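There are 2 protein chains.
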Amino acid sequence: MAERSRGWARAVRGLLLDVSGVLYDSGAGGGVPIAGSAEAVRRIKASGLKLQLCTNETQATREDFVRKLRAMGFDISVAQVTAPAPAACRLLRERGLRPHLLVHDGLVPEFAEIDKTNPNCVVLGDAAENFTYANLNEAFRLLIGMEKPVLISLGKGRYYKETDGLKLDVGAYMKALEYACDIQAEVVGKPAKRFFESALAELGVPPEQAIMIGDDIVSDVGGAQQCGMRALQVRTGKYRPSDENHPEVKPDAYVNNLAEAVDIILQEL
Amino acid sequence: MAERSRGWARAVRGLLLDVSGVLYDSGAGGGVPIAGSAEAVRRIKASGLKLQLCTNETQATREDFVRKLRAMGFDISVAQVTAPAPAACRLLRERGLRPHLLVHDGLVPEFAEIDKTNPNCVVLGDAAENFTYANLNEAFRLLIGMEKPVLISLGKGRYYKETDGLKLDVGAYMKALEYACDIQAEVVGKPAKRFFESALAELGVPPEQAIMIGDDIVSDVGGAQQCGMRALQVRTGKYRPSDENHPEVKPDAYVNNLAEAVDIILQEL
Chain A
0 MAERSRGWAR AVRGLLLDVS GVLYDSGAGG GVPIAGSAEA VRRIKASGLK LQLCTNETQA
60 TREDFVRKLR AMGFDISVAQ VTAPAPAACR LLRERGLRPH LLVHDGLVPE FAEIDKTNPN
120 CVVLGDAAEN FTYANLNEAF RLLIGMEKPV LISLGKGRYY KETDGLKLDV GAYMKALEYA
180 CDIQAEVVGK PAKRFFESAL AELGVPPEQA IMIGDDIVSD VGGAQQCGMR ALQVRTGKYR
240 PSDENHPEVK PDAYVNNLAE AVDIILQEL
Chain B
0 MAERSRGWAR AVRGLLLDVS GVLYDSGAGG GVPIAGSAEA VRRIKASGLK LQLCTNETQA
60 TREDFVRKLR AMGFDISVAQ VTAPAPAACR LLRERGLRPH LLVHDGLVPE FAEIDKTNPN
120 CVVLGDAAEN FTYANLNEAF RLLIGMEKPV LISLGKGRYY KETDGLKLDV GAYMKALEYA
180 CDIQAEVVGK PAKRFFESAL AELGVPPEQA IMIGDDIVSD VGGAQQCGMR ALQVRTGKYR
240 PSDENHPEVK PDAYVNNLAE AVDIILQEL
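Those sequence lines, one after another, are chains A and B. The opening residue of the first sequence carries number 0 in numbering that gives the first Met the number 0; numbering runs sequentially from there. The opening residue of the second sequence carries number 0 in numbering that gives the first Met the number 0; numbering runs sequentially from there.
Hints were generated in silico from the structure; no laboratory data involved. Since this is a predicted model, take the numbers as computed values, not measurements. We treat Cβ as the ideally placed atom computed from N, Cα and C, and that holds for glycine. Treat the hints with caution; some may be incorrect.
Cβ-to-Cβ under 7 Å is the rule here; a few derived chain A residues that face chain B [said to hold, decoys possible]:
hint, residue
1, Glu-128
2, Lys-174
3, Tyr-178
4, Ala-179
5, Ile-182
Build the full structure now, drawing on both the sequences and the hints.
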């Protein structure tokens, strides 16, 4: 399909890449690179195209996340990662919000500079083992005690797969707190438009000259298209054949993997 | 208000009573009776009116629940309690469902006679301390692995109050699993119509001759009225003055407490 019509690959100046499912598959010991992806990242950089990673990762700081990617062979710097926690910190500062954090231990350092005394909002991430009955009740009590409860959710994923099985993602716990408090959370991360816009700003390229490449039909492809970007779905990671019949979202093209996407884009340069 | 128009109290043959917030307030050591309620129950029984308790209690078996009520001075038998777990057991048997239980330890004996091997549904109750990350992931994995996931929720309350603070109720966890699996739970308990209908069957009185008395404007009053019963809201338990401006539900009358309701009903007999 990608062979037939390559109009989508023209006039590109920058690429936004999802990470899990595009660069690597999460799994034992942190994950394994997807074949050809590290080489594809090197070719993007050598071509002069701008590159930014756009991830909903919230179990580690960007520093730790980049360390893991570099160990897998990806030539990436911290400034090239757009992630929900730094975006949430900007939002907290802009609005004078002091968060109570219900997040993974690995993410806490991202909020080191943020005033967390006398909280007036709750920030929810993929807290994993920190999703205890006591912690959920604590976050709930803080919210229900606010005159106007503010819940900021770092993503709204339903679930994800780890080597020991499927895990409920942050979106499920977001829904629990939304229902209990009769409120709507503010989502920071894909597919929020504002999050893509800050990734584009960091990329330094307007949406019509950028392509998003991801494995999630709704969060990556649909979200990027809403911002005026073109978007490709790779057939790696959480891609399922049924995605190709999605009732609402249609990617600009399908590619088998990141390497194939880069092949086509570089040919059109 | 109750003084002005007592038409609602005429032609009554049976009463359905909510328990927590009507008979007693939950709190330290299991709870304390609401003033006048034990005497009101005695007067109902002496009058010849039929009486059935209709509760969403799912932290204890009916036997343990009745033991607690009797210790507080309420002359109640197990057969006079309609509760979600026995209703769920009937539903499981009718449909050949084998549950995985995510419920409070105190409720497990209610399911002693039910085949729980090779589960083909999940039954969710107010599991309290059993709402762990591991247990929620386990319930989720079972559901998402089913061809057609069946989630049966014993109630759908948002939260409740205990002496050490507010707690998320079963409804919040139901919403988390609904979202993660993209399904709708089946609710057994108030305000489900079928649950009120089985309470009426146990009461042995048709809906137009029955009155529901509860403290929850939506679950007790709204649910009972949907079944053709009259319904009173007491100004005890979780009652809040703002309930009297509820946009959708209007009780047939307000009473200050169960004792006042019984005064009026017995005068009209």
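So, as I understand it, the hint says Ile-182 of chain A touches chain B; can you test that by seeing if any CB pair is closer than 7 Å? 11 Å, violated
Check: Holds or violated: is the Cβ of Ala-179 of chain A closer than 7 Å to a Cβ in chain B?
Finding: OK, holds: Ala-179 of chain A within 7 Å of chain B, min 4 Å.
Minimum Cβ distance from Tyr-178 of chain A to chain B below 7 Å? 4 Å, holds
Checklist entry - Hint check: is the beta carbon of Glu-128 of chain A less than 7 Å from a beta carbon of chain B? => result Holds, because the Cβ-Cβ distance from Glu-128 of chain A to chain B comes to roughly 6 Å (cut-off 7 Å).
### Query
Measuring from the C-beta of Lys-174 of chain A to each C-beta in chain B, is the shortest one below 7 Å?
At about 4 Å, which falls below the 7 Å cut-off, the nearest Cβ of chain B leaves the hint on Lys-174 of chain A intact, so it holds.
Hint compliance for this structure: hint 5 alone is broken.
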